[in-house]
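Protein chains in written order, with UniProt numbering: chain A, 1 to 243; chain B, 1 to 243; chain C, 1 to 243; chain D, 1 to 243; chain E, 1 to 243; chain F, 1 to 243; chain G, 1 to 243.
Please note: incorrect hints may appear among the correct ones.
As the list claims (entries may be wrong) - Lysine to aspartate or glutamate pairs mimicking EDC-like chemistry, simulated, CA-CA at most 16 Å apart: (1) C:185 <-> D:204; (2) G:146 <-> A:62; (3) D:56 <-> C:179; (4) E:146 <-> E:112; (5) C:222 <-> C:110; (6) D:208 <-> D:62; (7) B:161 <-> C:62; (8) A:22 <-> B:31; (9) A:146 <-> B:62; (10) E:238 <-> E:190; (11) C:161 <-> D:62; (12) E:161 <-> F:62; (13) G:208 <-> G:231; (14) E:180 <-> E:190; (15) E:146 <-> E:218; (16) G:56 <-> F:179; (17) G:222 <-> G:107.
Source of the hints: derived by calculation from the structure; they are not laboratory data.
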Amino acid sequence: MSFMPASMGYDRALTIFSPDGKLYQVEYAAEAVRRGWTSLGIKSENGVVLIAERRKVAPLHDVMNLEKVFAVDTHIGATFSGLGHDGRILIDYARLIAVRHRLTFDEPVDVELLARTICDIKQAYTQQAGVRPFGVSLIIGGVDRKGAELVKTEPSGLYFKYYAVAAGAGEQAVINYLEKYYNVKTTVEEAIILGLRALRAALEEPLKVERVEIGYVDVSSKLFRKLSIEEVQSFLEKAGVTS
Amino acid sequence: MSFMPASMGYDRALTIFSPDGKLYQVEYAAEAVRRGWTSLGIKSENGVVLIAERRKVAPLHDVMNLEKVFAVDTHIGATFSGLGHDGRILIDYARLIAVRHRLTFDEPVDVELLARTICDIKQAYTQQAGVRPFGVSLIIGGVDRKGAELVKTEPSGLYFKYYAVAAGAGEQAVINYLEKYYNVKTTVEEAIILGLRALRAALEEPLKVERVEIGYVDVSSKLFRKLSIEEVQSFLEKAGVTS
Amino acid sequence: MSFMPASMGYDRALTIFSPDGKLYQVEYAAEAVRRGWTSLGIKSENGVVLIAERRKVAPLHDVMNLEKVFAVDTHIGATFSGLGHDGRILIDYARLIAVRHRLTFDEPVDVELLARTICDIKQAYTQQAGVRPFGVSLIIGGVDRKGAELVKTEPSGLYFKYYAVAAGAGEQAVINYLEKYYNVKTTVEEAIILGLRALRAALEEPLKVERVEIGYVDVSSKLFRKLSIEEVQSFLEKAGVTS
Amino acid sequence: MSFMPASMGYDRALTIFSPDGKLYQVEYAAEAVRRGWTSLGIKSENGVVLIAERRKVAPLHDVMNLEKVFAVDTHIGATFSGLGHDGRILIDYARLIAVRHRLTFDEPVDVELLARTICDIKQAYTQQAGVRPFGVSLIIGGVDRKGAELVKTEPSGLYFKYYAVAAGAGEQAVINYLEKYYNVKTTVEEAIILGLRALRAALEEPLKVERVEIGYVDVSSKLFRKLSIEEVQSFLEKAGVTS
Amino acid sequence: MSFMPASMGYDRALTIFSPDGKLYQVEYAAEAVRRGWTSLGIKSENGVVLIAERRKVAPLHDVMNLEKVFAVDTHIGATFSGLGHDGRILIDYARLIAVRHRLTFDEPVDVELLARTICDIKQAYTQQAGVRPFGVSLIIGGVDRKGAELVKTEPSGLYFKYYAVAAGAGEQAVINYLEKYYNVKTTVEEAIILGLRALRAALEEPLKVERVEIGYVDVSSKLFRKLSIEEVQSFLEKAGVTS
Amino acid sequence: MSFMPASMGYDRALTIFSPDGKLYQVEYAAEAVRRGWTSLGIKSENGVVLIAERRKVAPLHDVMNLEKVFAVDTHIGATFSGLGHDGRILIDYARLIAVRHRLTFDEPVDVELLARTICDIKQAYTQQAGVRPFGVSLIIGGVDRKGAELVKTEPSGLYFKYYAVAAGAGEQAVINYLEKYYNVKTTVEEAIILGLRALRAALEEPLKVERVEIGYVDVSSKLFRKLSIEEVQSFLEKAGVTS
Amino acid sequence: MSFMPASMGYDRALTIFSPDGKLYQVEYAAEAVRRGWTSLGIKSENGVVLIAERRKVAPLHDVMNLEKVFAVDTHIGATFSGLGHDGRILIDYARLIAVRHRLTFDEPVDVELLARTICDIKQAYTQQAGVRPFGVSLIIGGVDRKGAELVKTEPSGLYFKYYAVAAGAGEQAVINYLEKYYNVKTTVEEAIILGLRALRAALEEPLKVERVEIGYVDVSSKLFRKLSIEEVQSFLEKAGVTS
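Pulled out of the complex, with its shape left as it was, chain A reads as follows (with noise of 0.2 Å):
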């Protein structure tokens, strides 16, 4: 008994409290995202940018049909890192509350309240018993009347709005880059570069064309776009990842 990890007990029931006044399933829920596949998101002066990290699961995976940048509504996208089923069903309600947003008030919902909405149901989740935690984070970006947002969800509810944001494995080393080369002055194209480079960074090995997804919000247009395979192609060679 006495090489039992210390938070033994505390992690077995859901939704209770350990004596340090931590939430043991919500900090495990959140390892899950730090083991998760990386993906990012930056502000620019013109958009924000989302990238997102994909794997091959198997020698013939045919990832290029592997979608991890989301478009949730006209002017919000979003990417996850995390446990891919968990996120699935989040982008899902994203999509039903933007789309229920437009019903109700006839304007497009605001990227904040997009996110304090799915924070309440991570937050329930967190709460109630017979449930467990989403073991996922989204990174969601848009443009609303205020402008360009990039708000990072966590597992337990919580949000906070960036500037610039990463998610899963390489998060650590992409936020590293990202603060010594971030520039709140810059373009879409350039944050582009900007992130191709980071995620070169946290992965350490060259940059394929199959292992990123890439999409932006536009400022002026308030659109949402996912960019081409040969536009990605152009851009990994501009940031010179590939090798």
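Given chain A, work out where chains B, C, D, E, F and G should sit, using these hints.
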């Protein structure tokens, strides 16, 4: 087995008593508050002041857009220490209670009634299975027909009224400072300066404008407002806590 | 394992018996009462007196606005010892029971019926899963068509009638004092002085006006009222307990 | 682990069997009865007698107003041993059953039918999860169209008919005494005296008027009534148990 | 831990299998039957006999009024061994099933259909969580359009038909006796005498009239009746078991 | 603790996986089948044969009236091995499914559809909490528009079709015998004789008429019928298994 | 205790995280897949091929009638590895989803939408208490308006698209073989031969016609069909895997 902490067993199931009559889950939730960011409230002759610390959670965190002092109604503001996701939920409850009161009785809710209703929710989460207590303490300040009121709610569902109060990691240091220098015959301006100095004492490093949010309710107008960045900066300098 | 207390196992699940026929959760809830602030009640010839200790929980706690003696109906008052959040809930129940009785039967509720209804709630919380017992003892005093009544309720749902009774950390000391000096042929004024001296004996330090709340129900008018600060101060001096 | 009692594990969960075919929770509830205040019932030719011990729980306890012998209907009385809060609930059930029977069938309920209905409730509390058994034994006495009836119910939901019976801490001593001196050809008056002497034997100290409550149902009138204090005092003296 | 019985763990949760394919809770419930008072049934050419042992649970227990052989319908009787409270519940179910059958189909229920319906209830209590199995075996005797039937139900929900059968503490001794002396070509009177002698063998002490209850269903009239005390006494003497 | 079996912990809670991907409760339920009485089925050119062993559970058990081979519909029969009470429930389900199919579609249910519907019920009992798996394997034989069908269902909800199959304690011995002597070009009569010899090999003692039940479905008439005692006796002699 | 596996405790309760962010129940369900019979799918230029291994579970098992490749809709087929009873349930869900889509939208469901809906069910079974995850991986092949699609779903609710994929005990060997020899420019006929050779490599013994089932969806006709026994035999010989 002999190295297990004495509380073993009593903290695993929800909402039960230990042999010494304690509700461990509630005590642990209070520990979550004690590890939270510092918040404080101060009553003055012409208003109630709320000050909250905020922290940069990452180098490119857009901390200036992080809200820690909230308007609950036109005449009531609130801040909190503890789990941020839980705090957000309770702030939402507070706003809902205030709005419902206006709709039902056509008058603003009293501060104490608001606090008690919040605490009835909190108490229920300590007595029923299937949920955990809220890991958050709200500090609610407002002006109602009885005058200025300052209330702090505990995770247990207890609440008390104060002349000046604090919560979070810096609670003890702030309280010690306030006890020494607080005087009930003071103005809002003096209370803000006092609060900033107390917070400075707790943090043991200079305060920057991005590190604090300040709000207050004015006794004569019964209106809550938050200080602008420029006002905060000005008060930081008046208080001499920027270095 | 050999250092575990003998009760191990029986106190974890809700609402079950130990081999010696005890309900441990109920015993532990009673322990919460024994650790609470002291409260007491005394029957006199022309009224029932309720006195409650209160404490400053922080240097700038506005203790004078902390209520520990409550009006339940025009003819009934109550105080309690134990968990404050649980006590507040039961006081609310008491008020609801009293109001409903008036609405249904168009007459004031009897003190014992009120106490029994409260205790039916308490008993249910000791027999059903999914909840914990209430960690609080109510002392209810009132005057109904049968005359003056003084009842104390236990966390188990038991209740007894008394000439004089106490609860909380000072219960034993107060009881010892009352046993020695209590006389049924007494006035409300004498009973207040007796109660303050008994409380003084329990606290082992001088009593200040902020430390006690006092209420009583008058036999002839059947009205409950609480003493003003000035009246409390005056009684403290008459009782000679301020030093 | 080696010092754990042999029953370990079987008594934790509700309503399950131990390897030797016992329901431990029910056995433990019976232990609660065995630790209760003594109560007893005696059938005589012209009536059924119920006698209950009561105790002062505190020096200033108003024990004379503590009821332990209850009217259930005009023709039925009851007393109990065990957990007082559980007993009160079952007495309420008994009264409800009796009233409903009158409303439905326009005639008084039979004593055995009343006892069986109470025991159906008790049995359900031993077979379903989420509740604990009732820790109380009722002794029910009455006169119905079949004549005088005396029934004792167990926490298990079992019930038996008796000529004379006891429950609580003094059960064995009372039973021993009754076995020696009981005679079915007796009057109510003689039965009361016999019962008081048996109780005296169990308590091993003189009986005072505040220590006992006495009620009986008369065979010819089929009416239950409780003795006044003066009558109790008079019987105590006739029985010679006051010293 | 090394002294724990081998079955440890499998008997704690409801309705689960042990590695050797047993349902321990059901086995333990059967143990409750094996510890019960003895009951038996015997088929004869012109009727089915049911005999039940009863015991004095206390010196002044009115054992003559204790019913252990029950009329279920005009053509069916039943007795049981095991937990008396559970048995009473199942007898009530049996009567309800019989009455409903008459109301629905306007004809008496068959004995086997009655037994199977009881056993469907019993089986459900072995497969669903939140309840425990019934700790009782019913012996049901009756005469329907197929003739005389004698069925015994197990706690598991199994039932079998018998020429002669027993349950309870004396099961083995009764069975041994019956196996030696039973003859299918027998009358009700002979079967009663045989049954009393078998019971005598199991109890190993003389049988008194208060110790047994006897009932039987007649083949030609299809009517169940219970023997009067005088009849029982007469049979005891004919059987030569009173000494 | 070191002597605990390796599976410890995984078999206690319902419906969960062990690290090696097994559902222990399902494996244990299969063990209950392996300990059951032997049953078998054999397909022949002109029919499907079902044979079930039955045992005397007591000396005076009326084993000839014990049914182990059941008519499910006019064209389908079934037998089972494992827990008898569970088997009875599933046979009832099978009959209900068959009747409902006729009512809904006005045609007899196919054998495989019947088996699959039974297995959907079984699967649900392995995936949901609050119930245990069924400890029984059904062998279902019938003739539908596709011809003769023989299916065996597992406690897991799996089912397979067979030429010949067995379940229960004698499964292996029966299977070994059948493998050696089974020939698809056979008549019902030959199949019965083969089955009896296989059962004889499993039981290792002579077969008496009371020990077996036999039923079959005829291909041309599509009718299920059970053999009379005389027919069974005749087949036992033809098979030469009576000594 | 020291010999317990490191994962102890985290795998007992449903749907919770381990400290390293894993959902053990999901990992164990995946282990059930890894122990299942091998299945595989291959995309070719003019169709999608599904091949499933099947095994004789007993000597007289009618394995030729065991279905492992299923038609889901006219344009979609599926096979699976893992728990057969769980697989059957999910195949039923798949058919239901396809039928509902046709009824609601009057067009065939897309392969990916079908897979995602199946995976939403699977995800829910990993996040809610009271159920266990599905221990099965589906391989779904079809042709929709986007062309040929091949998807594999995991117990977690994850799904990926592949050019060629396998599941079950032979997954690794099949994958290794396919990686070496797979070419996207291939015909259905070549893909079948390739698949059979890969399966042969995994099984390490000659393939007989009863051991495999084969189905495919044709790109031009968008129709799913299964190969006849003769066709399978012919392909086995062409592939040279029968010896």
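A quick look at each hint next to the structure:
This hinted pair does not check out: residue 185 (chain C) and residue 204 (chain D) have alpha carbons roughly 34 Å apart, beyond 16 Å. Between residue 146 (chain G) and residue 62 (chain A), the direct Cα distance comes to roughly 14 Å. Compliance with the 16 Å bound is thereby established for this hinted pair. Proposed proximity of residue 56 (chain D) and residue 179 (chain C) is supported: the alpha carbons are some 13 Å apart, at most 16 Å. Of the supplied pair hints, the one linking residue 146 (chain E) and residue 112 (chain E) holds, its CA atoms being roughly 10 Å apart against a limit of 16 Å.
This hinted pair checks out: residue 222 (chain C) and residue 110 (chain C) have alpha carbons roughly 12 Å apart, not beyond 16 Å. Using a Cα cut-off of 16 Å, the hinted pair residue 208 (chain D) and residue 62 (chain D) holds, with the two alpha carbons roughly 14 Å apart. The suggested pairing of residue 161 (chain B) with residue 62 (chain C) holds, with an alpha-carbon distance near 5 Å, which does not exceed 16 Å. For the given pair, residue 22 (chain A) sits about 8 Å from residue 31 (chain B) by alpha-carbon distance, which is consistent with the 16 Å threshold.
With a C-alpha separation of about 14 Å, the suggested pairing of residue 146 (chain A) with residue 62 (chain B) holds against the 16 Å cut-off. Pair hint residue 238 (chain E) plus residue 190 (chain E) holds up; C-alpha atoms about 10 Å apart against a cutoff of 16 Å. Among the hinted pairs, residue 161 (chain C) with residue 62 (chain D) is consistent with the structure: their alpha-carbon atoms are about 5 Å apart, no more than 16 Å. This hinted pair checks out: residue 161 (chain E) and residue 62 (chain F) have alpha carbons roughly 5 Å apart, not beyond 16 Å.
Taking the CA atoms of residue 208 (chain G) and residue 231 (chain G), the gap is near 13 Å; set against the 16 Å cutoff, the hint holds. With a CA separation close to 15 Å, the supplied pair residue 180 (chain E) and residue 190 (chain E) stays within the 16 Å bound. Restraint check for residue 146 (chain E) and residue 218 (chain E): the C-alpha separation of about 14 Å stays at or below 16 Å, so the hint holds. For the given pair, residue 56 (chain G) sits about 13 Å from residue 179 (chain F) by alpha-carbon distance, which is consistent with the 16 Å threshold.
As the CA atoms of residue 222 (chain G) and residue 107 (chain G) are separated by approximately 13 Å, the hinted pair is consistent with the 16 Å bound.
Violated hints amount to a single one, hint 1; each of the other numbered hints is respected by the structure.
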